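Asker: Sequence:
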Amino acid sequence: MNQVKNIYSYLFNNYGPQGWWPILDYKGVNPTKTGSIHGYHPGDYSFPRSKDEQFEIIIGSVLTQNTAWPNVEKALRSLKKLKAINPKRILALNDEALKEAIRPAGYFNQKAIYLKEMSKFYISLNRRTPTRKELLKVKGVGNETADSILLYAYKQPEFVVDAYTKRIFSNLGLISEKARYEEIKKLLEDNLPKEVVIFQEYHALIVEHAKRNYSKKPYDDPLYILCCVTLS
DNA sequence: AACCAGGACGTGA
DNA sequence: TCACGTCATGGT
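For what it's worth, our numbering labels the leading residue of the first sequence as -17, then goes sequentially.
Hint data in this document are derived by calculation from the structure and do not stem from the laboratory.
Be aware that a few hints might be false.
Here are the simulated DSBU-like pairs of lysine-lysine, each with C-alpha atoms no more than 30 Å apart in a straight line [unchecked claim]: (1) 56 - 193; (2) 102 - 62; (3) 193 - 167; (4) 81 - 65; (5) 199 - 148; (6) 81 - 121; (7) 63 - 81; (8) 56 - 119; (9) 70 - 102; (10) 9 - 193.
Just the calculated beta-carbon pair ranges, DEER-fashion [unchecked claim]: (11) 92 - 173: 29 to 37 Å; (12) 81 - 200: 38 to 46 Å; (13) 177 - -4: 18 to 26 Å; (14) 176 - 74: 35 to 43 Å; (15) 13 - 119: 37 to 45 Å; (16) 106 - 81: 19 to 27 Å; (17) 194 - 64: 32 to 40 Å; (18) 115 - 159: 23 to 31 Å; (19) 178 - 16: 20 to 28 Å.
All figures in this text were calculated on a predicted structure; none of them were measured in a lab.
Even for Gly, the Cβ is constructed at its ideal location relative to N, Cα and C.
Assemble the whole structure, with the sequences as input and the hints as a guide.
Answerer: This is the structure:
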């Protein structure tokens, strides 16, 4: 059987739709989530519903790099107060004001630079969908951020691989501990229907599952039994 | 009170 | 390519 699909079924059946990517002013709540529960829209795949929401997701994907989401939320709210979840407004802010606004999200010195670079790039697109290669040329955008932007802001079928993905799949013995980003991405994409909704849910479910089972070693993953049984 | 979070970049082997 | 060090706030 297809382990990748089996794991998805298990996660979805246990946790349900996750409602990613969170949108600041979306009033819905997902009480089944671990941690922050606001802004999620489980079962509603119509996001982003506007260019403003699209840019908000892009900014959030940079701010959340190696950072807990509640911290990102604070940064987004202070930007919102400045009406600066908008590329032109971000570029119009002086560096100190921008850094002060995003301070709660950490790494504020480099992220301030990244946000301005991203703003310039976004404007240069002129509402066009960027390619993955183009995104990777933007300073501050690596593999995961590029895929997050494509999958959640532009609804492109690119699987998002994060640290949790590697941790879970290597712990389950489905990849080596030192598997590279592209290798993991290929494993997931090759074993799933190339559908945006599936990719969006799967990544979000992985994060939820990791928060529940991979916060402290030794990892005791309920999926381990599923994988052993279906291996034979 | 360490530890780590929805990483990326720069550097020197 | 590979292995590290660096960046920073806030929750547990």
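Asker: Check the hint pairing residue 56 with residue 119 against an upper bound of 30 Å on the C-alpha distance.
Answerer: 28 Å, holds
Asker: Could one say that the CB atoms of residue 81 and residue 200 fall in the range 38 to 46 Å?
Answerer: Given about 39 Å between the Cβ atoms, the range holds.
Asker: Could you say whether the range 32 to 40 Å given as a hint is met by the Cβ separation of residue 194 and residue 64?
Answerer: Hint holds: Cβ distance 35 Å, inside 32 to 40 Å.
Asker: Given the proposed pairing of residue 102 with residue 62, does the C-alpha separation stay at or below 30 Å?
Answerer: Distance of about 19 Å is within 30 Å: holds.
Asker: Mind checking the alpha carbons of residue 63 and residue 81 for me, to see if they're no more than 30 Å apart?
Answerer: 14 Å, holds
Asker: When you check the alpha-carbon spacing of residue 70 and residue 102, does it fall within 30 Å?
Answerer: 8 Å, holds
Asker: Holds or violated: are the alpha carbons of residue 56 and residue 193 at most 30 Å from each other?
Answerer: This hinted pair holds, its Cα atoms lying about 20 Å apart.
Asker: Could one say that the CB atoms of residue 176 and residue 74 fall in the range 35 to 43 Å?
Answerer: 39 Å, holds
Asker: Do residue 177 and residue -4 keep their Cβ atoms within the hinted range of 18 to 26 Å?
Answerer: 20 Å, holds
Asker: Using the Cβ atoms, figure out if residue 115 sits within 23 to 31 Å of residue 159.
Answerer: 28 Å Cβ-Cβ, so the 23 to 31 Å window holds.
Asker: Looking only at beta-carbon atoms, does the pair residue 13, residue 119 fall within the given range of 37 to 45 Å?
Answerer: Holds - the Cβ-Cβ distance for residue 13 and residue 119, about 40 Å, lies within 37 to 45 Å.
Asker: 20 to 28 Å was suggested as the range; check whether the CB atoms of residue 178 and residue 16 agree with it.
Answerer: Since the Cβ atoms of residue 178 and residue 16 sit about 24 Å apart, the hinted range of 20 to 28 Å holds.
When each numbered hint is compared with the structure, no violation occurs for any of them.
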